[in-house]
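Chains as they are written, first to last, in the numbering used here: chain W, 1 to 384; chain R, 1 to 505.
By construction, these hints were calculated from the structure, which means they are not laboratory data.
Computed from a predicted structure; not experimentally measured.
Wrong hints could be hidden among the right ones.
Below 30 Å or equal to it, Euclidean Cα-Cα: the simulated DSS-like pairs (lysine-lysine) are [stated by the list, open to error]:
id: 1; chain 1: W; residue 1: Lys-58; chain 2: R; residue 2: Lys-422
id: 2; chain 1: W; residue 1: Lys-290; chain 2: W; residue 2: Lys-208
id: 3; chain 1: R; residue 1: Lys-505; chain 2: W; residue 2: Lys-208
id: 4; chain 1: R; residue 1: Lys-505; chain 2: W; residue 2: Lys-369
id: 5; chain 1: W; residue 1: Lys-216; chain 2: W; residue 2: Lys-374
id: 6; chain 1: R; residue 1: Lys-349; chain 2: W; residue 2: Lys-374
id: 7; chain 1: W; residue 1: Lys-58; chain 2: R; residue 2: Lys-54
id: 8; chain 1: W; residue 1: Lys-369; chain 2: R; residue 2: Lys-124
id: 9; chain 1: W; residue 1: Lys-58; chain 2: R; residue 2: Lys-51
id: 10; chain 1: R; residue 1: Lys-211; chain 2: W; residue 2: Lys-374
id: 11; chain 1: R; residue 1: Lys-51; chain 2: R; residue 2: Lys-349
id: 12; chain 1: R; residue 1: Lys-321; chain 2: W; residue 2: Lys-370
id: 13; chain 1: W; residue 1: Lys-119; chain 2: R; residue 2: Lys-54
id: 14; chain 1: R; residue 1: Lys-422; chain 2: R; residue 2: Lys-211
id: 15; chain 1: W; residue 1: Lys-153; chain 2: R; residue 2: Lys-210
id: 16; chain 1: R; residue 1: Lys-51; chain 2: W; residue 2: Lys-374
id: 17; chain 1: W; residue 1: Lys-374; chain 2: R; residue 2: Lys-334
id: 18; chain 1: W; residue 1: Lys-370; chain 2: R; residue 2: Lys-318
id: 19; chain 1: W; residue 1: Lys-369; chain 2: R; residue 2: Lys-121
id: 20; chain 1: W; residue 1: Lys-374; chain 2: R; residue 2: Lys-505
id: 21; chain 1: W; residue 1: Lys-293; chain 2: R; residue 2: Lys-334
id: 22; chain 1: R; residue 1: Lys-350; chain 2: W; residue 2: Lys-250
id: 23; chain 1: R; residue 1: Lys-505; chain 2: W; residue 2: Lys-370
id: 24; chain 1: R; residue 1: Lys-350; chain 2: W; residue 2: Lys-153
id: 25; chain 1: R; residue 1: Lys-279; chain 2: R; residue 2: Lys-343
id: 26; chain 1: R; residue 1: Lys-322; chain 2: R; residue 2: Lys-334
id: 27; chain 1: R; residue 1: Lys-51; chain 2: W; residue 2: Lys-370
id: 28; chain 1: W; residue 1: Lys-250; chain 2: R; residue 2: Lys-125
id: 29; chain 1: W; residue 1: Lys-293; chain 2: W; residue 2: Lys-370
id: 30; chain 1: W; residue 1: Lys-370; chain 2: R; residue 2: Lys-50
id: 31; chain 1: R; residue 1: Lys-422; chain 2: W; residue 2: Lys-153
id: 32; chain 1: R; residue 1: Lys-501; chain 2: W; residue 2: Lys-153
id: 33; chain 1: R; residue 1: Lys-350; chain 2: W; residue 2: Lys-249
id: 34; chain 1: R; residue 1: Lys-501; chain 2: W; residue 2: Lys-119
id: 35; chain 1: R; residue 1: Lys-427; chain 2: R; residue 2: Lys-321
id: 36; chain 1: W; residue 1: Lys-216; chain 2: W; residue 2: Lys-369
id: 37; chain 1: R; residue 1: Lys-350; chain 2: W; residue 2: Lys-374
Next come the chains, spelled out residue by residue.
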Amino acid sequence: MFENLSHLALQQYWWVIISLLGSILVFLMFVQGGQTLIRTIGKDSTERNMLINSIGRKWDLAFTTLVTFGGAFFASFPLFYATSFGGAYWVWMLILFSFIIQAVSYEFRRKPGNFLGQKTYDTFLFINGLLGTILIGAAVSTFFTGSEFSVDKIRLTAESANAITRWENGWHGLDAAANVQSLLLGLSVFFLARVMGSLYFISTIDDKNIFKNARKQVGINAIFFLAFFLVFLGMLFTAKGFAVDPESKKVFMEQGKYFHNLLEMPIVMVIFLLGVIGVLTAIYITWFRKSKKGLWFGGFGTVMTVFSLFLVAGFNHTPFYPSTFDLQSSLTIQNSSSSHYTLTAMSYVSLIVPFVIAYIWYAWTSMNKKNIDKEEIEGTDHAY
Amino acid sequence: MEEALVDWSRAQFALTAIYHWLFVPLTLGLSFLIAIMETFYYKTGNEEWKKITKFWMLLFGINFAIGVATGIILEFEFGTNWSNYSWFVGDIFGAPLAVEGIMAFFLESTFIAVMLFGWNKVSKKFHLVSTWLVALGANLSALWILVANAWMQNPVGMRFNPDTARNEMQNFWDVLLSPTAVDKFLHTISSGFVIGSLFVVGISSWYLLKKRHIQFARKSILLGAVFGLLSSFFIVLTGDSSGNDVAETQPMKLAAMEGLYKGQEGAGLVAIGIVNNKKEVDNDEESYHFKIEIPKMLSYLAERDPDAFVAGVEDLVKGNKKYGIEPTKEKIRKGKIAIQALKNYKEDKKAGNDEAAYTHLEKFENYYDYMGYGYFNDPKETVPNVPLTFYSFHLMVILGFYFILLFALVLWFSWKDQIAEKRFILKLGLWSIPLGYIASQLGWIVAEVGRQPWTIQDILPTKVSTSHLSVSNVQVTFWLFAALFTILLIAEISIIVRQIKIGPK
Numbered sequence: 001m002f003e004n005l006s007h008l009a010l011q012q013y014w015w016v017i018i019s020l021l022g023s024i025l026v027f028l029m030f031v032q033g034g035q036t037l038i039r040t041i042g043k044d045s046t047e048r049n050m051l052i053n054s055i056g057r058k059w060d061l062a063f064t065t066l067v068t069f070g071g072a073f074f075a076s077f078p079l080f081y082a083t084s085f086g087g088a089y090w091v092w093m094l095i096l097f098s099f100i101i102q103a104v105s106y107e108f109r110r111k112p113g114n115f116l117g118q119k120t121y122d123t124f125l126f127i128n129g130l131l132g133t134i135l136i137g138a139a140v141s142t143f144f145t146g147s148e149f150s151v152d153k154i155r156l157t158a159e160s161a162n163a164i165t166r167w168e169n170g171w172h173g174l175d176a177a178a179n180v181q182s183l184l185l186g187l188s189v190f191f192l193a194r195v196m197g198s199l200y201f202i203s204t205i206d207d208k209n210i211f212k213n214a215r216k217q218v219g220i221n222a223i224f225f226l227a228f229f230l231v232f233l234g235m236l237f238t239a240k241g242f243a244v245d246p247e248s249k250k251v252f253m254e255q256g257k258y259f260h261n262l263l264e265m266p267i268v269m270v271i272f273l274l275g276v277i278g279v280l281t282a283i284y285i286t287w288f289r290k291s292k293k294g295l296w297f298g299g300f301g302t303v304m305t306v307f308s309l310f311l312v313a314g315f316n317h318t319p320f321y322p323s324t325f326d327l328q329s330s331l332t333i334q335n336s337s338s339s340h341y342t343l344t345a346m347s348y349v350s351l352i353v354p355f356v357i358a359y360i361w362y363a364w365t366s367m368n369k370k371n372i373d374k375e376e377i378e379g380t381d382h383a384y
Numbered sequence: 001m002e003e004a005l006v007d008w009s010r011a012q013f014a015l016t017a018i019y020h021w022l023f024v025p026l027t028l029g030l031s032f033l034i035a036i037m038e039t040f041y042y043k044t045g046n047e048e049w050k051k052i053t054k055f056w057m058l059l060f061g062i063n064f065a066i067g068v069a070t071g072i073i074l075e076f077e078f079g080t081n082w083s084n085y086s087w088f089v090g091d092i093f094g095a096p097l098a099v100e101g102i103m104a105f106f107l108e109s110t111f112i113a114v115m116l117f118g119w120n121k122v123s124k125k126f127h128l129v130s131t132w133l134v135a136l137g138a139n140l141s142a143l144w145i146l147v148a149n150a151w152m153q154n155p156v157g158m159r160f161n162p163d164t165a166r167n168e169m170q171n172f173w174d175v176l177l178s179p180t181a182v183d184k185f186l187h188t189i190s191s192g193f194v195i196g197s198l199f200v201v202g203i204s205s206w207y208l209l210k211k212r213h214i215q216f217a218r219k220s221i222l223l224g225a226v227f228g229l230l231s232s233f234f235i236v237l238t239g240d241s242s243g244n245d246v247a248e249t250q251p252m253k254l255a256a257m258e259g260l261y262k263g264q265e266g267a268g269l270v271a272i273g274i275v276n277n278k279k280e281v282d283n284d285e286e287s288y289h290f291k292i293e294i295p296k297m298l299s300y301l302a303e304r305d306p307d308a309f310v311a312g313v314e315d316l317v318k319g320n321k322k323y324g325i326e327p328t329k330e331k332i333r334k335g336k337i338a339i340q341a342l343k344n345y346k347e348d349k350k351a352g353n354d355e356a357a358y359t360h361l362e363k364f365e366n367y368y369d370y371m372g373y374g375y376f377n378d379p380k381e382t383v384p385n386v387p388l389t390f391y392s393f394h395l396m397v398i399l400g401f402y403f404i405l406l407f408a409l410v411l412w413f414s415w416k417d418q419i420a421e422k423r424f425i426l427k428l429g430l431w432s433i434p435l436g437y438i439a440s441q442l443g444w445i446v447a448e449v450g451r452q453p454w455t456i457q458d459i460l461p462t463k464v465s466t467s468h469l470s471v472s473n474v475q476v477t478f479w480l481f482a483a484l485f486t487i488l489l490i491a492e493i494s495i496i497v498r499q500i501k502i503g504p505k
């Protein structure tokens with residue numbers, strides 16, 4: 001079945017999978033957003049424990065998605081994995097550190113003898129929520145802004161300094177944090193995650209106070225999110241973008257490239273608009289209608305919006321990981337991918353994904369049948 | 001400068017892997033043990049079994065969290081610190097990592113939430129299934145990462161593509177089902193089962209010594225001893241077949257494991273020995289200060305023939321005509337030809353000289369098998385650290401046999417209902433917990449140090465595998481990891497000890 005597809009078709013199929021994983025990851029970062037709101041929304045320790053236990057049962061899903069995103073990127077586009085992780089070393093390391101401290105915090109925070117004290121673990125969760133979202137946003141923005149790296153495979157045959165990919169400045173990815181457009185996307189992801197975190201609290205916790213405060217946070221963070229994201233989109237769609245000549249495979253700059261991509265791929269445009277409408281609907285019904293169903297619109301909207309941006313970054317003759325140091329070193333889905341054989345094998349593996357989503361859904365709904373309330377948190381013997 | 005980068009990158013990988021491996025084996029073993037415990041509860045409805053299950057599950061959850069925390073870095077570290085490796089073999093190596101995420105991690109992370117929090121939320125049956133799925137997920141993830149590691153020891157099912165300048169997969173099943181992968185998987189998960197059993201036996205021993213939770217501890221210790229004894233027999237079997245596989249695919253590692261410099265027919269297996277640290281390939285020092293040997297055993301284990309020839313380090317470096325072993329110097333010479341031919345090929349191809357390019361390509365393909373060697377200058381570079389490999393291997397084996405004895409004693413006295421009075425054995429059980437971890441770490445030292453100087457055996461030297469970073473970057477992250485992981489380890493041990501003192505509810 002897959003073996004009959006062309007190499008390009010497989011590359012596109014895998015770019016779609018990577019895009020989906022990336023967009024689901026951004027949606028699941030409601031966990032991170034929620035982590036930054038524990039003290040803002042929860043006024044006493046019982047409320048805070050309810051909040052922590054609400055997102056705490058989903059943290060490893062977000063975490064696993066990040067890990068799988070890395071693994072899938074490695075398997076399908078290894079040159080990206082090598083170039084970005086080995087080059088933008090510090091951005092990825094900081095992201096990883098922020099997830100390492102997250103992973104222990106839920107389990108350790110209220111356990112006796114936890115060495116660092118509950119406050120430290122709660123601070124870890126806050127740091128993860130802050131750095132994880134902003135830095136992942138900033139890292140993804142380099143798909144559009146480009147980075148300073150070079151790729152030259154002939155270095156493999158040199159006497160020494162054999163690394164085929166090189167980051168060409170000493171900042172190793174921290175340069176993204178100093179780029180306005182990257183920061184804008186980073187902050188957009190951060191505030192979106194806070195909106196989504198609030199929506200998640202609303203949908204899973206039965207408590208008047210929490211509902212009131214979380215709803216307020218939806219409003220406040222939505223304003224910041226919309227402001228940063230609109231400016232980001234404005235810059236993205238008007239700026240020069242990176243383009244590939246389909247014949248010569250040469251990379252060149254094209255004015256308004258990313259906007260052209262939307263126009264030239266109407267389906268992506270539709271996905272994008274559906275996404276934006278979804279997020280706006282979530283904000284609207286939560287704020288004006290006091291609805292508890294915002295999460296579903298917001299989740300759908302986030303996935304669609306991010307998905308469409310990934311497709312804009314990688315499809316329609318666009319290098320998804322451009323180099324500003326040497327345009328011709330830019331990575332496209334064609335020049336950075338795995339072989340036809342490996343992509344075929346991996347495509348068969350991808351057939352189990354719907355099954356995975358089905359059991360996640362089943363376990364999710366079984367566990368969320370009953371909302372969290374005060375009694376549960378105070379009465380249970382296993383709570384974070 | 002470059003040497004320092006390689007050393008620090010290796011140190012960081014070793015550090016993070018060692019820390020990760022402090023937590024993973026317990027997850028692998030304890031997950032099955034609690035699944036068995038919960039099955040007893042499900043079948044009998046006996047509340048005591050529920051109590052037992054919930055207590056061990058609590059400890060499992062604490063250990064699992066830190067296992068996850070230390071694991072994420074390993075997924076990304078191939079890229080951050082070994083980017084050349086990631087390109088050179090990513091076409092093969094990336095796939096198992098992705099499959100691990102898709103197939104195993106989601107299974108684990110989805111059902112662990114049900115397992116830990118679902119007691120009153122889902123049916124008894126669904127809960128039991130979830131616990132088994134966590135065990136399955138944990139061990140499945142081990143499968144994929146060990147397939148990846150086995151491929152580094154014995155690369156199969158791929159071909160070098162000079163146009164992309166990397167190895168490309170030719171056969172997924174060869175990679176998945178290579179004998180090295182099967183042995184490695186079985187040997188490694190059984191080491192996890194042994195550690196899980198030692199953990200349960202050791203902690204139960206402590207309760208019995210303190211005369212607390214007697215019923216709970218007796219049930220737990222019996223289960224731990226049965227599971228442990230079966231697993232430690234299995235570990236010997238899989239260890240034997242791993243050794244056989246090493247003899248075939250990594251003769252240099254085998255020689256280092258045994259400290260064998262001069263190959264011989266009918267080689268004996270060193271039972272106990274002290275190697276001479278001054279011994280090198282090109283001096284006449286004795287190989288050992290002292291050793292006690294089991295005659296002909298090494299030949300038998302390696303080749304299944306007591307009189308077979310087993311190559312030593314010197315045979316492998318200097319060559320041995322009689323047994324058809326090519327001198328490393330010759331391999332290096334051919335390797336350099338391959339690298340030059342690849343360079344010429346790529347340059348001519350770029351310049352559009354297709355005919356000349358084709359000639360170079362032909363030459364390259366004739367010499368490709370040696371390409372990895374072309375990065376070395378001195379044949380001595382291809383010898384791993386012999387004393388470290390030797391001692392790690394021998395201590396691991398001794399501990400492995402000791403565990404059989406321990407589990408057998410515990411089982412015997414549990415069976416006779418006398419275990420609570422056998423204070424010496426209980427103390428032995430308690431103090432054996434760290435030994436399991438030590439044995440398991442030693443096993444990884446044998447596997448990874450013994451493979452040096454290669455990341456991919458005979459294909460890619462470690463020194464050509466790193467990212468292009470200045471050494472200070474790696475030094476900083478090394479110390480950050482060292483500090484953070486040490487703090488988290490202290491926290492984890494402190495929490496677990498506290499929970500053990502509190503005891504089952």
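These are the hints, each one checked on the structure:
no., hint, in the structure
1, W:Lys-58 / R:Lys-422, "46 Å, violated"
2, W:Lys-290 / W:Lys-208, "12 Å, holds"
3, R:Lys-505 / W:Lys-208, "33 Å, violated"
4, R:Lys-505 / W:Lys-369, "27 Å, holds"
5, W:Lys-216 / W:Lys-374, "21 Å, holds"
6, R:Lys-349 / W:Lys-374, "71 Å, violated"
7, W:Lys-58 / R:Lys-54, "21 Å, holds"
8, W:Lys-369 / R:Lys-124, "16 Å, holds"
9, W:Lys-58 / R:Lys-51, "26 Å, holds"
10, R:Lys-211 / W:Lys-374, "38 Å, violated"
11, R:Lys-51 / R:Lys-349, "70 Å, violated"
12, R:Lys-321 / W:Lys-370, "75 Å, violated"
13, W:Lys-119 / R:Lys-54, "27 Å, holds"
14, R:Lys-422 / R:Lys-211, "12 Å, holds"
15, W:Lys-153 / R:Lys-210, "65 Å, violated"
16, R:Lys-51 / W:Lys-374, "25 Å, holds"
17, W:Lys-374 / R:Lys-334, "73 Å, violated"
18, W:Lys-370 / R:Lys-318, "72 Å, violated"
19, W:Lys-369 / R:Lys-121, "8 Å, holds"
20, W:Lys-374 / R:Lys-505, "22 Å, holds"
21, W:Lys-293 / R:Lys-334, "68 Å, violated"
22, R:Lys-350 / W:Lys-250, "14 Å, holds"
23, R:Lys-505 / W:Lys-370, "26 Å, holds"
24, R:Lys-350 / W:Lys-153, "12 Å, holds"
25, R:Lys-279 / R:Lys-343, "38 Å, violated"
26, R:Lys-322 / R:Lys-334, "21 Å, holds"
27, R:Lys-51 / W:Lys-370, "25 Å, holds"
28, W:Lys-250 / R:Lys-125, "59 Å, violated"
29, W:Lys-293 / W:Lys-370, "15 Å, holds"
30, W:Lys-370 / R:Lys-50, "23 Å, holds"
31, R:Lys-422 / W:Lys-153, "66 Å, violated"
32, R:Lys-501 / W:Lys-153, "58 Å, violated"
33, R:Lys-350 / W:Lys-249, "14 Å, holds"
34, R:Lys-501 / W:Lys-119, "24 Å, holds"
35, R:Lys-427 / R:Lys-321, "55 Å, violated"
36, W:Lys-216 / W:Lys-369, "25 Å, holds"
37, R:Lys-350 / W:Lys-374, "69 Å, violated"
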